[in-house]
Structure formats: structure tokens, C-alpha cells
Amino acid sequence: MHRKHHILFRSAFASLVVALSFSITTDAHGSDSELPPIPIETTGKVKTLPSPYPDSWFWAFDVAFGHMLDGKMTLIDAAASTTRSQIKGMFNVSLVGAVVEATTRNEIYAFETFYSRGNRGVRTDVVTIYSKTTLAPLAEIVWPIPKRYQGMPERYALQLIDDEKLLLAYNFTPASSVTVIDLESRKILNEVAIPGCTLIYPTGKRGFSSLCSNGGMLSTELSPEGQIVQQTRMDAFFDTDANPAFERPAVIDGVAYYPGFESYVHIIDLRGKVARYVDSWDMLSASERKENWRPGGIGLIDKDDMGRFYILMHPDGHDGTQNEGGSEVWVYDAKKQKRMARIALRSWAVTLGVGKGKNPLLMVTSGDMALEVYDAASGAYLRTIEDAGQETPLMIFGVK
Amino acid sequence: MSKVCIVMLLVMSSGVAYSQQINPARALYNYQMSCQGCHGPEGQGGGGVPRMQGFVGLFLNTAQGRDFLVQVPGSANSALGNSELAEVLNWMIEQFGGSSNPPGLQPYTAREVGILRKSPLNEVNAYRASVLANITKGAAY
Amino acid sequence: MKLFDQFVEQRSRKIAQASSRRGVLKRLGSFMAGAAAFPVLPVARAANADTTSADKVPSESGDPASCDYWRYCAIDGYLCDCCGGSYNACPPGTEMSPITWIGTCLNPVDGRSYVISYNDCCGKTSCGSCLCMRDEGDRPLYRVDKANDLNWCLGTESSVYHCSTAIVVGLAYEDS
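Chains as they are written, first to last, in my numbering: chain Y, 1 to 400; chain D, 1 to 141; chain P, 1 to 176.
Okay, chain Y solo, but in the shape it has when bound (with noise of 0.2 Å):
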């Protein structure tokens, strides 16, 4: 402190000096007070965000594992290479939330609790409707009675259908319904249950389906009032104990491809009213299945607009290495079973998401919570963002 003030005050006398034989308008520093002065500025000024927002755009959901009342999604152009134009705003999620963009409305949902005293006290659980432009909460749906769905984040634990009217929240304590809710009247309008069953894959016009224990599904059918038509079971088309699937799908022109631990995709097709299985496919080629490489990870799987689906491999995979992350992103045709690019990351990573229009970027979180981007159709590594105020951002999503 004091020595700083020592050097100011020799700078300030040193200009004064300098000011005083060159005289006039310029100092030392080059400063011209000649210059216009800077015009005076308003306090209380807030700002907005474009819509839509640009394609190089993602969410950074950060669940903050070390203190998970204090989540937050935030806004990032992975395009841009300084912390001030790569860092967009930012809104809380409290208690490992779930949250989902809206395209077609102005608004993003986050499914969050919150404790009347903070870690203790009352609970009540809400989605709260944030604006896309202004990220300030618009309303709020409180539950009548608190269960949602807490847990590392997941892509299908919110969900909208029927042309984003309805939004439909996954709960479980440990018996598993989903809550539909009419966004128009911003009002709950059922509660669905979807016993030994889980999660929300969206399916035909108004439904969704939910994977089982059983390794099959269960597909219920919706009315516009959030009403059962019908719930339908579909057989198991996988082995949970022995040969499991990730619950992680990337879905495209509602067909779901759900990535095995052991390399194998199963193709579910959600287009119709009732999930129907079409196929399995083997991801890995003779070689590579000898290595063992398996997908791994949190986010481990996602799309892009083109019909490819990019996941998270690691080498020597096994049963434990599921959530562990990969060390190259794969990406495929899905329509085509076929591998279009093998990229080697950087870093070890856990977690990616794949950006909107016809180039987009691939950012990824990687093991030391820094997020890599990439082009995701040359593989090329572009830059990394640490300062974004991350912590432990396990969940990466690509604007709508």
C-alpha cells in the first residue's frame, strides 16, 4: 500500500515536471486534453442479449459439486478468444437442476430447489422461466408437493413437446412420475406416473417415452390438457445387467440413438405415437474393439444440424470406465452407422456439446474443468476458455 503510493506520487510529480517544460496540451503519457472529455454515463443501464442467439454460442451448465446450491448456466460465444467477448451473462440453477432452451419461445426453463434456509429449512422445488433476452426470471412454477429429480445433470430430465407448449420435469424419490406443465398458462396440469421408469425422450406429436429397468421402455401418450391418451410398453431391447446402455441418447429427426457401454447404438424410433426398436449397430471396427474403446463421460454424447452424433471414446474401456470421459471425440453418420472423423483432443474430457447451423463448433469440458473448442468438422483444435468463472461445468449445451 504504502509503496504504491510512493510510486504514484513520483509518476504524478514526474509529469508534472515533464508537463511543465514541455508546457501545453501533452504530457508524458501522450495524454491530449485537448480531446473532447468522455461523455457522462447513466447508472442503471442493463444489458440485453440478441435473439437468436448466434450459432458459436453454447450454455455452460456448471453444477458447482463443491457447493451445489450455488449452480449456474452461462452464456459463452466459443467463437470469440477474449474473456470479454467469449463471456455473454449468466442465471443460477440451485441444487444440480436440470434446465432446457426454448427455439420457438423467448425462454429458457431451469428445474431447480431451493431450502427456505439455505441447505436446511423448507424445500420447495420450482421451475423457474427465464427470458432468453434479458436472462431474468419470469415466472415461476412451484410444485405443490417437492420431488423432483436431483442428480448429475441430465439432457432428458426436462423436456419440451407439442411444439414447445407443453414442458414436461422429470421426478423421483425414489418413485419416478413426470409433472406436465401448460406453458401458455404458465400452470401445472398433470402429474404422470412412469413406475421403474425413467427420464423424458419425447415422442410423436404429444409424448414421451421413459427407459426402464427392465431394459425396455414405456411410451405415454398425451391430450393437449396433459391427460393419459395411453401408456405403452415396449420389450427390452438391451441387458442393464450385462450389457447396459447409456441413458444418454443423441436423438435426430426424433429417431434416438442410444450409445452402449460396450460400443454397440441402438436405434429407437420416437417419430411415432409408441417408441419402437429398429436396430443395433456396432460403432467399433475389428481393431478397435480389440482396444476396447468405449464412450465415457457425462455429457458424453450430442449433434449436430446434419445428422451427425459426436461421443466421447477412451481406449481399454471396462466395466467402471462409463462416466469416466474419453480422450477423442468420434464422430458419426447416424443415418449411414458410418464414422466420419476420429478427434484427438487436447486434454482428457467428460463432457462436450455441439453448436447450432452448417460449421459449427464443438466445445468440450475437459478433465481440469477448462473448456476446449473445437471445428468440429476439421477436428481442429481453435482455443480455451478457463476464465469463463467455471468450476465444474458437467453439462455443455449448444444455444437453440
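Hint data in this document are derived by calculation from the structure and do not stem from the laboratory.
Treat the hints with care, since some could be wrong.
[As the list claims (entries may be wrong)] For the chain D half of the interface with chain P, some residues (derived, Cβ under 7 Å), not all of them:
hint: 1; residue: Ser19
hint: 2; residue: Gln20
hint: 3; residue: Ile22
hint: 4; residue: Pro24
hint: 5; residue: Ala25
hint: 6; residue: Arg26
hint: 7; residue: Tyr29
hint: 8; residue: Gln32
hint: 9; residue: Cys38
hint: 10; residue: Gly40
hint: 11; residue: Gly46
hint: 12; residue: Gly47
[Unchecked claim] Below 20 Å or equal to it, Euclidean Cα-Cα: the simulated SDA-like pairs (lysine to any residue) are:
hint: 13; chain 1: D; residue 1: Lys118; chain 2: Y; residue 2: Ser263
hint: 14; chain 1: Y; residue 1: Lys165; chain 2: Y; residue 2: Pro146
hint: 15; chain 1: Y; residue 1: Lys165; chain 2: Y; residue 2: Tyr277
hint: 16; chain 1: Y; residue 1: Lys205; chain 2: Y; residue 2: Gly272
hint: 17; chain 1: Y; residue 1: Lys356; chain 2: Y; residue 2: Ser327
hint: 18; chain 1: Y; residue 1: Lys72; chain 2: Y; residue 2: Ala388
hint: 19; chain 1: D; residue 1: Lys118; chain 2: Y; residue 2: Leu189
hint: 20; chain 1: Y; residue 1: Lys336; chain 2: Y; residue 2: Ser285
hint: 21; chain 1: Y; residue 1: Lys400; chain 2: Y; residue 2: Ala80
hint: 22; chain 1: D; residue 1: Lys118; chain 2: Y; residue 2: Thr124
hint: 23; chain 1: D; residue 1: Lys118; chain 2: Y; residue 2: Met234
hint: 24; chain 1: D; residue 1: Lys118; chain 2: Y; residue 2: Lys400
hint: 25; chain 1: D; residue 1: Lys118; chain 2: Y; residue 2: Tyr277
hint: 26; chain 1: Y; residue 1: Lys165; chain 2: Y; residue 2: Pro137
hint: 27; chain 1: Y; residue 1: Lys336; chain 2: Y; residue 2: Gly260
hint: 28; chain 1: D; residue 1: Lys118; chain 2: Y; residue 2: Ala236
hint: 29; chain 1: D; residue 1: Lys118; chain 2: Y; residue 2: Gly260
hint: 30; chain 1: Y; residue 1: Lys47; chain 2: Y; residue 2: Ser263
hint: 31; chain 1: Y; residue 1: Lys72; chain 2: P; residue 2: Gly128
hint: 32; chain 1: D; residue 1: Lys118; chain 2: Y; residue 2: Val274
hint: 33; chain 1: Y; residue 1: Lys356; chain 2: Y; residue 2: Lys187
hint: 34; chain 1: Y; residue 1: Lys165; chain 2: Y; residue 2: Ile129
hint: 35; chain 1: D; residue 1: Lys118; chain 2: Y; residue 2: Thr133
hint: 36; chain 1: Y; residue 1: Lys290; chain 2: Y; residue 2: Ser263
hint: 37; chain 1: D; residue 1: Lys118; chain 2: Y; residue 2: Lys72
hint: 38; chain 1: P; residue 1: Lys56; chain 2: P; residue 2: Asp110
hint: 39; chain 1: Y; residue 1: Lys72; chain 2: P; residue 2: Thr125
hint: 40; chain 1: Y; residue 1: Lys290; chain 2: Y; residue 2: Thr232
From a predicted model like this one, the values you see are computed outputs, not experimental measurements.
Even glycine gets a Cβ: it sits at the ideal position worked out from N, Cα and C.
With the hints as your guide, set chains D and P onto chain Y.
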């Protein structure tokens, strides 16, 4: 209706004494691995999970209730095979049912369980309430 | 954050070089289990002859504050042992969740598989010490009885997650 008859037949034909059909070590292990996480070591439940202690036997007073214990998603959709599931259910009833168990318990058989679990319940809460209502109304077995 | 880094780094390194270590343990264990199941093997018989079972005390070895500890084979979270609790008790002022997930781990000392109940301790925010994620036998959410990716602080006063225990609740049953 016919399903109930089949079930009754299966029950009648299994004349072996109740406990003799249970391998307690295996049943305990399967219960622990597949059920205890939610139902607790003593079948005490908690959260959204009902207490089975001193209660589960009540369901055995009607055919509908007997079927219910298999059709409930935790049972029907479990990873256990039919004979293992039958054994776990029989063991559970013996362990936790206590005074709620009606006299003359008939063990579930693998076949019975196999048939019933093909029609798991989609909606549990309201159905459970109606099953219990029928029991308290004294509907005959 | 640092811990998280370390954890991920640890794991990536583990995968990179020696996914074998646990594999070795497993193989060793199944050999030992095999030996126990076939007492005709001379080694096993000799051991039985030498010592009566009454002389032997149940034993486990390793550091319960280390992620390598045998009981933690399918744990996912902060070790209560590093948070003021222990491997089978919650830290002061927290509440143990009655609802949980259950798996088996092999005790390398006696070659037996035990049933482990991974009850979470709840009511305070993340302990922050000794993050440990090992996922042997872990299954996604659809197999709730085997899923460690969700917050098991269910049926407790507060669902805020603090740390995880690993309680031996039984012996794995093996068909002989």
C-alpha cells in the same frame, strides 16, 4: 378372472411348506441387491416408499392384492429372474409381514410370478388405494 | 475445484497407463474365491488344518480415507471418512439417508464379495474432501437400484448432499 383361477391353481399345487421353499441366504442377498436400497434393511420404507413391516401381509387377503405385490413396478420390472423374484417375495412376506400376514400363507411360484409380471402396473397409487379398499371391505379371496 | 482436477487427472492417468491394477485385484480375488470354493486344493486344506476359524479375525486392509479402499468400488462422491464421519458413519450434524443404492465389492484380504450400502449423509453442502468416483457395477438411472449418479439424499429432512458412506450389510451369495 381366468388369470385369478390360474393363479389359484398354481398356488394350490405347490403343497410344500412355506419356508422350505426359501433359501434364506440367497433371498436376503437378492433382496439386498435389488430391493433394500429403496425399501430399507427392515422393509421400513421412507420417502415415497411404503412400509412393508407389519403391513405387506394385508395384501394377501385378496387375489387382487396378491397379484399387486408382483405387479408393482419394483417387483415386476426388477432384474431378478422369476424364481428369484418369487423367493424374494416369499422371504419378504415372512420377514416383514409379521402380524399382518393372514394364516395359511401360500408361497408365490416362479410360474405365477412370471405370468403376473408381464402386466406391470402403470399407475400404482390409485390402484393400490382401491386394492386396500377392497380388502377392508372384506372382499373374499 | 482442485480436488476435482486431481480426481479427473488421477482417473485419466489411471486409464492411460494402468487400467490393470484393479483388474489384477479382481483376478487375484476370483482366484482366492475359487480356492475357497474348492477346498480339495492342497493349499486351502493346509490353511484349514493349521488354524481353526476361531483364531482368525475378520480383516480388511487399506486406508478408508483413500479412494482405492476396497469398499469404495462403486462409490461416487465425497468420502465421509474425510469429512468428520467414517466409512460407515455420517459426520456430526448430518442425517443418513434411509434410501440408497447397493452394490458388491471384493475384499482382497479374504477374497469375499460383500454387499455394500452406499448411504449418503445429508443436510450440509458438499463436504469437499476426498472426492472419489469409482463406478464398477454402476448403472444409469433406469437401474435405480444400481445408479450412483443421482442424489440419494431422499427421505431425509434436507436433500442437500454432503458425503457418502460404504457400509457392509451382507455377504454376496454365490451359487455353489
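Here's how the hints hold up against the structure:
no., hint, result
1, Ser19, "17 Å, violated"
2, Gln20, "18 Å, violated"
3, Ile22, "13 Å, violated"
4, Pro24, "10 Å, violated"
5, Ala25, "5 Å, holds"
6, Arg26, "5 Å, holds"
7, Tyr29, "3 Å, holds"
8, Gln32, "5 Å, holds"
9, Cys38, "6 Å, holds"
10, Gly40, "6 Å, holds"
11, Gly46, "4 Å, holds"
12, Gly47, "3 Å, holds"
13, D:Lys118 - Y:Ser263, "30 Å, violated"
14, Y:Lys165 - Y:Pro146, "23 Å, violated"
15, Y:Lys165 - Y:Tyr277, "27 Å, violated"
16, Y:Lys205 - Y:Gly272, "8 Å, holds"
17, Y:Lys356 - Y:Ser327, "23 Å, violated"
18, Y:Lys72 - Y:Ala388, "11 Å, holds"
19, D:Lys118 - Y:Leu189, "30 Å, violated"
20, Y:Lys336 - Y:Ser285, "15 Å, holds"
21, Y:Lys400 - Y:Ala80, "18 Å, holds"
22, D:Lys118 - Y:Thr124, "38 Å, violated"
23, D:Lys118 - Y:Met234, "12 Å, holds"
24, D:Lys118 - Y:Lys400, "41 Å, violated"
25, D:Lys118 - Y:Tyr277, "19 Å, holds"
26, Y:Lys165 - Y:Pro137, "19 Å, holds"
27, Y:Lys336 - Y:Gly260, "18 Å, holds"
28, D:Lys118 - Y:Ala236, "12 Å, holds"
29, D:Lys118 - Y:Gly260, "25 Å, violated"
30, Y:Lys47 - Y:Ser263, "45 Å, violated"
31, Y:Lys72 - P:Gly128, "18 Å, holds"
32, D:Lys118 - Y:Val274, "18 Å, holds"
33, Y:Lys356 - Y:Lys187, "31 Å, violated"
34, Y:Lys165 - Y:Ile129, "14 Å, holds"
35, D:Lys118 - Y:Thr133, "50 Å, violated"
36, Y:Lys290 - Y:Ser263, "12 Å, holds"
37, D:Lys118 - Y:Lys72, "43 Å, violated"
38, P:Lys56 - P:Asp110, "11 Å, holds"
39, Y:Lys72 - P:Thr125, "16 Å, holds"
40, Y:Lys290 - Y:Thr232, "39 Å, violated"
In summary, the numbered hints that this structure violates are 1, 2, 3, 4, 13, 14, 15, 17, 19, 22, 24, 29, 30, 33, 35, 37 and 40.
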